[in-house]
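Start from chain A and add chain B according to the hints.
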Amino acid sequence: MKLTQKEVEHIARLARIKLNEKEIEKIAEDLGLVLNYFDKLKEINTEGIEPTAQVTGLENIFREDKINTEMAEISGEKRGKILAQFPHKKEDHLKVKQVFESR
Amino acid sequence: MDDIKKLTIKSAKAGLEKKEFTADELRKEFLKLIKKEEKLNAFISILDSEPVIGVYKLKTNLSGVPCAIKDNILIEGTITTAASKILKNYVAAYDAAVVEKLKSAGAVFLGKTNLDEFAMGTTTENSAFGVTLNPNDHSRVAGGSSGGSAAAVAAGLAVYALGSDTGGSIRAPASFCGVVGLKPTYGRVSRHGLIAMASGFDQIGPITKNVEDAAMVMNVIAGHDQLDSTTSPKSVPDYTKNLGKDIKGYKIAVAKEFFKTGLNSKVANLIEKAIAKFQSLGAHVDYVSLPLTDYALAVYYIIVPSEISANLARFDGVRYGHSASDTKLLIETYLFSRAEGFGPEPKRRIMLGTYVLSAGYYDAYYLKAQKVRTLIKQSFDKVFEKFDVIVGPTMPTTAPKIGEFETPLSAYLADIYTVQANLAGLPAISIPCGTIEDGNKNLPVGLQIIGKHFDEEKIFQIAYAYESNR
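First to last, the sequence lines map onto chains A and B. If you're matching positions, the first sequence starts at 5 in the numbering used here and goes up one per residue. If you're matching positions, the second sequence starts at 808 in the numbering used here and goes up one per residue.
Calculated directly from the structure, the hints in this document are not laboratory data. It is possible that part of the hints are untrue.
Output of the computed footprint for chain A on chain B, the stretches with three or more beta carbons under 8 Å from beta carbons of chain A [what the hints assert, rightly or not]:
id, stretch
1, 1144-1150
2, 1174-1182
Distance ranges between label pairs, derived from CB positions [as the list claims (entries may be wrong)]:
id, chain 1, residue 1, chain 2, residue 2, range
3, A, Gly36, B, Glu845, 36 to 44 Å
4, B, His1031, A, Ala76, 14 to 22 Å
5, A, Arg107, B, Glu845, 53 to 61 Å
Residues from chain B that face chain A, not an exhaustive set, calculated with beta carbons under 8 Å [to be verified]:
id, residue
6, Glu1139
7, Thr1140
8, Thr1214
By construction, the Cβ of each residue, glycine as well, lies at the ideal position given by its N, Cα and C atoms.
Pulled out of the complex, with its shape left as it was, chain B reads as follows:
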């Protein structure tokens, strides 16, 4: 078991079948590794007691394969914090739909991974439990908000992980850590049991070591769920079916606006190399315009905090979570439980959302943003009339140093290439496309592939073709 760090779903399954190790031995080895790499702070809690390990006698691709779950996704009977003090002792009363599906497939849960508080952030620096370090360079962030999941997979502490993505929270850490991360189409994966941040955008997706693993995880977690009425009744294809088929004749769009100011020139070079690779694989590449790219962040940071201010109203100190002591009146229970329980970023976003929704500002901010959102969606529709996918950088830079973003706004700006897929509900993947040397460290860069609604299959096929020919 020397190289369990390198195990993929396929090789773990092969090892289990050939009896090189049992599922229990494998799980214990991973738990040891997690302990050894504690300084990364990838996990908030470790699940090392029997009841939560699931059934791994089944013969599915995932049975017996150890994974990690972002700590805003509920596993019954375990503490789920969303990296917030307000939920420090919250014990989940039920399984999230995705957890139920993984359990039925025989998955093994190693632990719950770190995130920005309530998934609000791009660096995991907003976690109430401390930042997650980038396995490639410990002076840098792993990215966020699913930083713990991406770091765990990149460091080999779990074979795969689940994250959630509202504005880039799967793709950003995947890009910074050098792993694969897919945000599925809005409505493809049930969010029942995901602690909601912005319900109009949140999606759960896989973070894996390669494209095939991501497809295999999607085969299990995708599908309709009556407990999340935004899920689509469309049938779920076998996402592995087209892997390995050639991409000759596919039409790939490159958005000009993704190469403007703010994009690190070394990142740009690697993305251009990837584009050339697509051409050499027989795809047609052409430049297109997504003219509202510069406005997408403003739209996103109006609508999302608005939804946050409503969604986080449930944390009232009355029904669950932290409750302030020594209050006399109910209103004080609200005021102080929330003051003591929420960290700076949730407070900031609740305040921002409350402001833009308050009397007199609704039309100027919220309604205006929803209208620009229409135009953004239309600009994608137009590109997808002629193209199969859009490719570009996932993030404008490599992983920033811890503390590098000095203001909230500077952190928000890093989401420039990721938020549009959420605003338009589109599926998008980040896959590694090379590294940039910095000092004696090699920092990963992510290539983003955005597809049409419910066309994850094509994203996987194109991503796999690139990954296999790099």
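Excised from the complex, chain A in its bound form:
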């Protein structure tokens, strides 16, 4: 099974990656090979089997809904360092390009 160019373009759009023609061709082929390999799983009967997402037995880890002042202080300290990573900013705010195309 090889994916069609249209399928690959659709997935690339969902994944927010602009692929060029060559990449589309290569990924169509690579994913086709891998997806064929996945067909193996059809051989296994999984009727009535629950899916597993977690294996060590922990569940529902809660903490009290209170501000951890120690953590908050640390975050305050880191704030400047995090802001410094913004590629585009205005004062302390993230700056992004326009969201809607202008008519």
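Just chain B, lined up with the frame of chain A:
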């Protein structure tokens, strides 16, 4: 200081205590060595400025002992790339939990090691900064994804290193380079500050020259962390406590499926010799079946890319990392920043994950894989009802030549013996069990020991018994 390449944590500590060298001298000697062995490409960045070297006045096993950190683990104030162009200039704003713990123990950081981009790979060939060479044979890969960490330790450029393992990324390079590498139980070591690939599987672990060193590093890095809610509240034992105790009466399982097609016959011979050694040390060895071994890779390469496609959505060109220039619309910032920043393997896995999670395919791929995962976990539970550990090969072959894997699928298949421990959340170690002569080179082979959840102690004890009697 002739033989600093051979230093273990214990001998480095002894040297420091006897004042054969100071911590600073030791660090400088290692930095010189790293410079000398630059062609291995084990490091992405070197930490030779003062602020990052930590405190080494403390009297812990690790104080003053130089180590290397995989470059997907954050050290505050230093560039952390995950071997991706998209993070080429990313400066970490905080320390990873493991780094904080190492700093408190007085560890000295030499540099950040090379890896496959975002830890996706088995050879380090997927690094945006070039492949890491195998110290045993420069025409071969060091393995991956923690290839830089394993090569650095094998070449003696660091006393020990940290790696991360999602499907074998600590054990594979440890096997190919001839060092010890442990993937701890899922939830034993905090991943806070590890750049996530697949959060349901990622674990940080030590890469060392011997089993005792690995146990000593685990003593420092293991434990609960409120910033990683998957970490277990279970107390951390002293992992060195049982080293040297005999293994008489221990029950060791050997999975038949690990010796089927694809396993190099010379590798098989060495593994069989190791199994005989366990018997001679008084352990009971018996063959068992892990019937889903052949299906584990399919499960792994469905679930992991799914998690990748979600985890790597954070690289949007807006908050940090590479941002495309000359875009007009926000959507173009996303499309082009990601197109320009990601290399071929992250793109391939994001695409694969997006595909298997997309409308109409979720049940057939993702849900099916999660169900087979249940069966895989059950097959291990069954074996562990009667046995203490499972042993077998870490990798089907010795280190491949650079470029030997021609398709992504052929590289994925090399993970056949390692991914099951991740799918079942089990701890597993790779330790050297001999070498195979190839031309005039000796290529290392790794023996894998898989244990029960949170039973690293027994893995260490059995591994140590083997290592001491080889």
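Here's how the hints hold up against the structure:
1. 1144-1150: holds (count 3)
2. 1174-1182: Coverage by chain A holds here, the residue count being 9 at a Cβ distance below 8 Å.
3. A/Gly36 - B/Glu845: 36 to 44 Å: holds (40 Å)
4. B/His1031 - A/Ala76: 14 to 22 Å: holds (21 Å)
5. A/Arg107 - B/Glu845: 53 to 61 Å: This hint holds: roughly 56 Å between Cβ atoms.
6. Glu1139: holds (7 Å)
7. Thr1140: holds (5 Å)
8. Thr1214: holds (7 Å)
When the structure is compared with the earlier hints, no violation turns up for any of them.
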